[in-house]
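**Q** Construct the entire structure; sequences and hints are all you get.
2 protein chains.
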Amino acid sequence: MTPRGQRTRAKLLKAAESVFGEKGYERASIADITRKGGVALGTFYVYFPDKQSIFVEVVDDLGTRLRRLIADSTSKCDNRIDVEREGLRTFFQFVRQHPNLYRVVRQAEFVDADCYRRYYDRFAKGYVTGLSRAMEEGEVRRMDPEALAYCLMGIGDFLGMRWVLWEEDPGLDRVLDTAMGLIRHGLDTRPAPPPGRNTLKPSKAAVKAAPSRAAPSKTAKKNTLRPARRPGRSARS
Amino acid sequence: MTPRGQRTRAKLLKAAESVFGEKGYERASIADITRKGGVALGTFYVYFPDKQSIFVEVVDDLGTRLRRLIADSTSKCDNRIDVEREGLRTFFQFVRQHPNLYRVVRQAEFVDADCYRRYYDRFAKGYVTGLSRAMEEGEVRRMDPEALAYCLMGIGDFLGMRWVLWEEDPGLDRVLDTAMGLIRHGLDTRPAPPPGRNTLKPSKAAVKAAPSRAAPSKTAKKNTLRPARRPGRSARS
Numbered sequence: 001m002t003p004r005g006q007r008t009r010a011k012l013l014k015a016a017e018s019v020f021g022e023k024g025y026e027r028a029s030i031a032d033i034t035r036k037g038g039v040a041l042g043t044f045y046v047y048f049p050d051k052q053s054i055f056v057e058v059v060d061d062l063g064t065r066l067r068r069l070i071a072d073s074t075s076k077c078d079n080r081i082d083v084e085r086e087g088l089r090t091f092f093q094f095v096r097q098h099p100n101l102y103r104v105v106r107q108a109e110f111v112d113a114d115c116y117r118r119y120y121d122r123f124a125k126g127y128v129t130g131l132s133r134a135m136e137e138g139e140v141r142r143m144d145p146e147a148l149a150y151c152l153m154g155i156g157d158f159l160g161m162r163w164v165l166w167e168e169d170p171g172l173d174r175v176l177d178t179a180m181g182l183i184r185h186g187l188d189t190r191p192a193p194p195p196g197r198n199t200l201k202p203s204k205a206a207v208k209a210a211p212s213r214a215a216p217s218k219t220a221k222k223n224t225l226r227p228a229r230r231p232g233r234s235a236r237s
Numbered sequence: 001m002t003p004r005g006q007r008t009r010a011k012l013l014k015a016a017e018s019v020f021g022e023k024g025y026e027r028a029s030i031a032d033i034t035r036k037g038g039v040a041l042g043t044f045y046v047y048f049p050d051k052q053s054i055f056v057e058v059v060d061d062l063g064t065r066l067r068r069l070i071a072d073s074t075s076k077c078d079n080r081i082d083v084e085r086e087g088l089r090t091f092f093q094f095v096r097q098h099p100n101l102y103r104v105v106r107q108a109e110f111v112d113a114d115c116y117r118r119y120y121d122r123f124a125k126g127y128v129t130g131l132s133r134a135m136e137e138g139e140v141r142r143m144d145p146e147a148l149a150y151c152l153m154g155i156g157d158f159l160g161m162r163w164v165l166w167e168e169d170p171g172l173d174r175v176l177d178t179a180m181g182l183i184r185h186g187l188d189t190r191p192a193p194p195p196g197r198n199t200l201k202p203s204k205a206a207v208k209a210a211p212s213r214a215a216p217s218k219t220a221k222k223n224t225l226r227p228a229r230r231p232g233r234s235a236r237s
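If you read the protein sequences in the order shown, they are chains X and W. Number 237 marks the last residue of the first sequence (full-length UniProt numbering); no jumps. Number 237 marks the last residue of the second sequence (full-length UniProt numbering); no jumps.
Worth flagging that the hints you see were computed from the coordinates, not collected in a lab. Hints should not be assumed to be uniformly reliable.
Identical copies look the same in the list; a pair holds intra-copy or inter-copy alike.
[Stated by the list, open to error] Here are the simulated DSBU-like pairs of lysine-lysine, each with C-alpha atoms no more than 30 Å apart in a straight line:
no. : residue 1 : residue 2
1   : Lys51     : Lys76
2   : Lys125    : Lys14
3   : Lys51     : Lys11
4   : Lys36     : Lys11
5   : Lys76     : Lys23
6   : Lys11     : Lys76
7   : Lys23     : Lys51
8   : Lys36     : Lys23
9   : Lys36     : Lys14
10  : Lys125    : Lys36
11  : Lys51     : Lys125
12  : Lys76     : Lys36
**A** See the structure below:
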């Protein structure tokens, strides 16, 4: 394809991303897309046979670009926790720049089920490779890497939806910190805390031992040492 | 409303859930819904003014029923970890019985943005109450409860999508175990593992101290004690 052809194609894809996001697949027409892209209607068919095929390419293309950005932004991280944090940060930034991402990807479920699954499966594949390596290296506790990948993807998806898409929160860093707290503890290689409520309170011995491994943050220390109060409980509301 | 009226209304809602899930909101017609429900076309208008209003009610109703089921199934749990596990299990079961749940809820983004946010916000509200209480009681580490709620909802959503909706996996318990491993460690009140790769390897002192707090599972122990190999690393793939 000529450079000019590539530019036209890119214009159509960008316009399609916006039109599908705004109108939804069913109500979007090829004429809407060419109008938005500033391209003659007939030119569309030089590049795409129909509406469905450009839709599928928009989804595949968004996924490829996002995965590439995350790979780039995390390439200098030397530990898995930093990879997760940088990956989340890059994802949030991408959502900010592509506010139609969610709407487009979620429509794929109706337009082309394969394309929809492929979007997530390709992400999961990269995660599984990275997480398995981190498990091999003893950096992350051994777990089912694909199940873990979907857990981490779900965290990113829901936080991006709530705090980037719904309302751009100046306190996004605070949200990221919470997610990373959950993830860092969650992937930790220490033995699992045993089941049951009481056992989640660390013993005095464990609290004593902790400083030898880690200088606990002020907050963490405070929580850990605070005597647990046990008022009456009722069912989850 | 008479009992008969209530039955008719319920029939319409059930039919609508199925029609919206199969055809999508745009392509679904009121005639599709009354045909599916075995109700005369004109009867529809006794209960709902238009297509959008029955759609919104389907989403609200699914959310209400799911939250109620989860509240019931977790009411006897006496610790937060069990609440999370039972909640996930109940959610998976609901997805199995309502395979159109995802498609219907995700369309809400296009049909009625308020209804879409309300669906998740109401879930989050219950979570925030329960998690805040667990934090008060020293059972769960202090974190931003709303951010944590969305993390947990994201985990459930993505696991349900991948392992119930896409393929009903006989190994769902294994997936649930992985999620619960992540969540149990993630909510743990012990001091945070410090940042950086090396620090994720527990010191000998910590490993020694561990049995005094918890009998580590065979797997966890093996991972923790295994000498970490450190082959060359490349970027996250």
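**Q** Next, verify each hint and record whether it holds.
**A** Against the structure, the hints:
1. For the identical chains of this complex, Lys51 and Lys76 are neighbours neither inside a copy (39 Å) nor across copies (52 Å), given an alpha-carbon limit of 30 Å.
2. In this homomeric assembly, Lys125 and Lys14 come within 30 Å of each other (Cα to Cα) only inside a single copy, at 26 Å, whereas the closest approach across copies is 37 Å.
3. Within a single copy, Lys51 and Lys11 get their C-alpha atoms as close as 15 Å, which meets the 30 Å cut-off; across copies the closest is 36 Å, which misses it.
4. In this assembly of identical chains, the alpha carbons of Lys36 and Lys11 lie at most 30 Å apart only when taken from the same copy (9 Å versus 43 Å across copies).
5. Proximity of Lys76 to Lys23 under the C-alpha cut-off of 30 Å is found in neither arrangement, the shortest distances being 39 Å within a copy and 46 Å between copies.
6. Within a single copy, Lys11 and Lys76 get their C-alpha atoms no closer than 32 Å, and across copies no closer than 57 Å, so neither meets the 30 Å cut-off.
7. When the C-alpha separation of Lys23 and Lys51 is checked against a cutoff of 30 Å, the pair qualifies both within a copy, at 13 Å, and between copies, at 18 Å.
8. Within a single copy, Lys36 and Lys23 get their C-alpha atoms as close as 12 Å, and across copies as close as 28 Å, so both meet the 30 Å cut-off.
9. For a Cα distance limit of 30 Å, the shortest separation of Lys36 from Lys14 inside one copy, 9 Å, qualifies, whereas the shortest one across copies, 39 Å, does not.
10. For the identical chains of this complex, Lys125 and Lys36 are neighbours neither inside a copy (35 Å) nor across copies (40 Å), given an alpha-carbon limit of 30 Å.
11. Taking CA atoms no more than 30 Å apart as the test, Lys51 paired with Lys125 passes inside one copy only; the shortest distance there is 28 Å, against 40 Å between copies.
12. In the homo-oligomer, the alpha carbons of Lys76 and Lys36 never lie at most 30 Å apart, since the shortest distance is 38 Å inside one protomer and 56 Å across protomers.
Hint compliance for this structure: hints 1, 5, 6, 10, 12 are broken, all remaining hints hold.
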